[in-house]
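With chain A held as given, fit chain B onto it using these hints.
Protein chains: 2
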Amino acid sequence: MQPEAHLNSLFNPNSIAVVGASRSPLKLGHIILSNLVTAGYRGTIYPVNPAGGEILDLPVINSIAALPKPPDLGIIVLPRKQVLAAMEELAEANVSAICVISAGFRETGRDGFELEMEMAELARKKKITLLGPNSLGLINTTIGLDATIAQAKPTKGSIAFFSQSGALCSAILDWADGESIGFSKFVSLGNKAGISEADVLESLGDDPETKVIIGYLESVDDGQNFLQTARIVTEKKPVIMIKAGTTQAGARATSSHTGSIAGSHVASTAAFKQAGIIEVDNLESLFDLARAFAKQPLPEGPNLAVVTNSGGPGILAADACEAVGLNLARPSQETLDKLTQALPPFASIYNPIDIIGDARADRYKATLEAVAEDTMSSAILVLLTPTASAEIVETAQAIIDTAKTCEKPIFACFMGDQRISPGRDLLREAGIPCYGYPEPAIQAIAAMYTHYGWKTRPYPVEVCFRRDKGKAEWTIKKTRKIGLSELPFAEAMDIAAAYELPVPETRLVRTSEQAVRAAKKLGYPVALKVVSPHLSSRSDVDGVALNLQSPRDVRDAWLAITSRTQRKRPDAYITGCLVQTMGPVKAREVIVRFTQDPQFGPLVSFCLAGPSSEVLGDISYRLAPLTLQDVQDIVREIKSFPLLRGARGEEPVNLAAIEDILLSMSQMATDFPDIREAELNPVLVDAEGALVTDMRLTIG
Amino acid sequence: MQPEAHLNSLFNPNSIAVVGASRSPLKLGHIILSNLVTAGYRGTIYPVNPAGGEILDLPVINSIAALPKPPDLGIIVLPRKQVLAAMEELAEANVSAICVISAGFRETGRDGFELEMEMAELARKKKITLLGPNSLGLINTTIGLDATIAQAKPTKGSIAFFSQSGALCSAILDWADGESIGFSKFVSLGNKAGISEADVLESLGDDPETKVIIGYLESVDDGQNFLQTARIVTEKKPVIMIKAGTTQAGARATSSHTGSIAGSHVASTAAFKQAGIIEVDNLESLFDLARAFAKQPLPEGPNLAVVTNSGGPGILAADACEAVGLNLARPSQETLDKLTQALPPFASIYNPIDIIGDARADRYKATLEAVAEDTMSSAILVLLTPTASAEIVETAQAIIDTAKTCEKPIFACFMGDQRISPGRDLLREAGIPCYGYPEPAIQAIAAMYTHYGWKTRPYPVEVCFRRDKGKAEWTIKKTRKIGLSELPFAEAMDIAAAYELPVPETRLVRTSEQAVRAAKKLGYPVALKVVSPHLSSRSDVDGVALNLQSPRDVRDAWLAITSRTQRKRPDAYITGCLVQTMGPVKAREVIVRFTQDPQFGPLVSFCLAGPSSEVLGDISYRLAPLTLQDVQDIVREIKSFPLLRGARGEEPVNLAAIEDILLSMSQMATDFPDIREAELNPVLVDAEGALVTDMRLTIG
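Chains as they are written, first to last, in our numbering: chain A, 1 to 700; chain B, 1 to 700.
Only chain A is shown next, with the shape it has when bound in the complex (with noise of 0.2 Å):
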């Protein structure tokens, strides 16, 4: 569905009819309406009830038909079967926009499925704007609008949240309650049978009151809008999500709560990495960020100054830093020289700075003065603990001071509870992001720092490949009509020659008379790969001979090769054997791969060759098409790279070879979402080039 732009009359309606509006204090129907009154919402209230009468002050309407003038939006809070209906009506009054609160549908089984898809109908049918249902419903505190069943009203902030569990929205206004965490705007989204998230985000990337987007999903419905969408809105501002159902248990969880499917979990982290989207794991992170993002600017740089009283927190942030890749800066001479003369003898002046135990408030100040003016570091970090000497109240309005005129970001940790927290209550109020422990606030800056890097990277070249698509589409055209879902060997390698990907020289042979004409053709050293198409992996039967240096070599090994297959797998019928000329012989092996993820599309992979990468998950992905950052990082991110760069002296691979290699796959399974599965392993790189020597396609 195509939404109306900016979800208008969702997020600003002029007037509202609440139907299934209730005089009973414990019904959602009468919640509902009494978080609009109390709200301070100034448009018109429609309360509609066939019992009439007044709800809360306000008139009621017996039926839809019977409003006055045409609502913008319609809430809707009845019972399941009435829903469909009363959506008719809605439409026949004309309403731009829906949110239907009731729960009962997809999340219920069959039954309520099929509803939901004929209410989707309906609000596509007539062009209505359409959330929920299973709804806690939204909230947009520039025009005082509470339109949810939640019972803890939000103060107006810069952080819009969106969710895709209703429950969990009432738990979230609670904390921020506590918090002193303020809202721009606050979606349930519910079965989203109607608007999704890609339509939310779209529209909180254009809001003008919102700084920061945070986000839960449990299921993306289109993966490659979602990415699309996304992409434009981290360009204006920050997005934090945690998705939910990562593992088998959660995802098994996560379809018995909202019947959706919780898909792959690669294939959405490797879509929020390629969309700039900060993935958090665990709630508590989610706002851990968003109070950081909402408050400061970001760090342009990955060097922190850490700022003490007492050493072991500070040597805790320094082990925290090391953990996410930040560092501490060694502050310039300058500072050194200032340190050193404001702090007494026994302060540490190197980064973490520990003006030690019995520092006061001006020996804060004094140092934060000097920390703020160095260019050595990008961000501050101030730690306290409540020591006898502590000046709690006094060292937060130092941290405020310096703030006022310092161009980097600033974050407090004051650890303890009831003695730190007037010291806390007064950074938070001043938007200095104050937290109880080291470990969170520089996993904050950190992020922070990642989402510069995003907001400064050179512009996405997406990269279009050369190739002879036609010739493709002709060989996989005519493997389908003969009715095989694998490529033999030869179409195959057809494909790869019409993508340019470096194969080598290869020959298809019947006897071991045969592969020894070619192997002298093709020149020595060659391999010889067994041929069957009833083996799915040639490593299971042995079936490779590599750096075969003369006839008597080939022949030896055509006969182990084929007894081999023939003894491990007496039903596979062996075709015969490739021979193909050898590739570097000292080379990684790599392996590079596509899948249709069923959220997301095509979704490459690429990892070092061998039992290891898969056993201990060493394996990264990226969604086609990549652009030309997109191949670096997917090569980079393994934590095996360093044996690619050259470790321990030895000469780095041909990275831009690899790289190459992951465009045309990338182009391959754009071009044709028809290939199920795409495999070249291994691929042989060296110092040189890169060799693929084996391709396997699978059609769908």
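I should point out that these hints are in silico values taken from the structure, not numbers from a laboratory.
A portion of the hints provided could be inaccurate.
[As the list claims (entries may be wrong)] Distance ranges between label pairs, derived from CB positions: (1) G325(B) <-> K153(A): 39 to 45 Å; (2) A560(A) <-> K455(B): 52 to 58 Å; (3) Y459(A) <-> E429(B): 55 to 61 Å; (4) P488(B) <-> G453(A): 51 to 57 Å.
Ideal placement from N, C-alpha and C gives every residue a C-beta, glycine not left out.
Structure of chain B alone, referenced to chain A:
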């Protein structure tokens, strides 16, 4: 130093002298006196100050010599230059224990270090229990003793805390106050000139008031002693620790903090594992776990039942369970029947049991009653979000009621802030740990289950391995005599034989013709390996040829190897080559190694051969001597273990053969602390057995 039994005069003094007591309320010499008085200590307190008079209504003694009776404990709060003299006077006066609050010693450089050494020497000679210097003091809530300079007062409880960071203590006291966590003992270790973490741990292990011990350490002084002590203590009660300075950045910060050397992180982590200590990597987890251990019994299985009124948090809980290795138990049929009856149709009766957003307390109660009786789960986690229908206090009460008769541990996670706080407070008072997010709750449950596994593990069997120690000793002596630090191959193999390691038959030969003759004697196939005292690794010069099948192969290989070595390392003298019988060809290659850690002694490591293990850090460590359990753990702990167990239908390798080799190496490391490093690389292992094909030994 051997401290007195249970540090009795320190924790339970009948009388205390405060040397450096002060009238000025801002001075530490006043704060500590004031803490002693107000905490309700009932022994005698002697303020000592040459000025005499009265402080806080106590008569001041004007010198240590003038004390009417020898106090059990002397506390020194003087400028550092006066500390040693005061200690001498206290020793004259026959004190049993001294706590030095004053700072300015080891942590400030050489002068301070030497002063501290004199203090330590004095304490040792006079058999005085010395805490500090640079200590914040200590607390024993059992007798109302608060001998600290911190400002918050801990309530009585069952958690004991010790810390190497003083200022951190003040943060923790303040934090505990806010969370109504009580302490039994509280010790700030300071610079550890006298008693160490091991002494304190031993004393807390025997303390009947202490149920859980938590600690913060930056360095461990005598690793083996600490390990032995901790092993005994963890049999009695859980010990949870955080070690700071685990990264390079952190270690640098540590050495400038307490002047201690952080030491190798892998060694301390191995020690913690072998001692049954639960290691956490951030402060928040330290407290999250302490709370759980202090209040709930241990879960006796990995199966968790999750009850929730909100799907989203249920999914996050499921994700978190899988991440830490807990299972979501499938409820028994009986429970499913009960739940079907008790819950509305759209609830999910499987685990997580989602009783949906309109649940009130009675629905929680019915569900909990069913789950409490179900033997399929070993622990229960109750999630609540403050929905419009949630009855927060009543739900808390239902959980408390269930816990009264339920033998399984019960944990709660109430999400939100102000609305849920009355429920959270009620739960905490009743001893039900209540968290703000699902993840920390599940981490705590997982840690408790790990501790259950530790307590119920089979009795640890230390293995003394058969070996010819005399022969090995003689070989090492001989090598040392000729001035070598690395043993020549033949000598290394002699030691391998003395420890009954499975080594291949090997001949050292000088010419290619000798090699052919040796190969004939050993039987083909053979391996050929270059020997030179100047090469630290054969792979650098490509100096190994494997699987040689014929005299021609041997001659070719000889030429290839020696010429490559000469070309790549013209400076290396080539002694000759080794001819060896080949190990199994399709074997996995593993590496067994030990080094001597300066703090913890012999450290054995295990990994797969190949560059990936190092690059990916997939190496496991344990301290020698290894128990049978240790060798099983060290082999199974590497992430690549599936490759040894037989991934993808392969036969598993002979794990017992690897374990025997590890035990032999552990024995060797224990027998010879002057073997600085030993490496078996590679050890070939297949389904049949293992073969050590190369061994390098360096002596110190």
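Evaluation of the provided hints:
1. Judged by the Cβ atoms, the range 39 to 45 Å given for G325(B) and K153(A) holds: they are separated by roughly 41 Å.
2. Between A560(A) and K455(B) the beta carbon distance is about 55 Å. The supplied range of 52 to 58 Å therefore holds.
3. Between Y459(A) and E429(B) the Cβ separation comes to about 59 Å, which falls inside the hinted range of 55 to 61 Å.
4. Distance hint check for P488(B) and G453(A): the Cβ-Cβ separation is about 53 Å, which falls inside the suggested range of 51 to 57 Å.
When the structure is compared with the earlier hints, no violation turns up for any of them.
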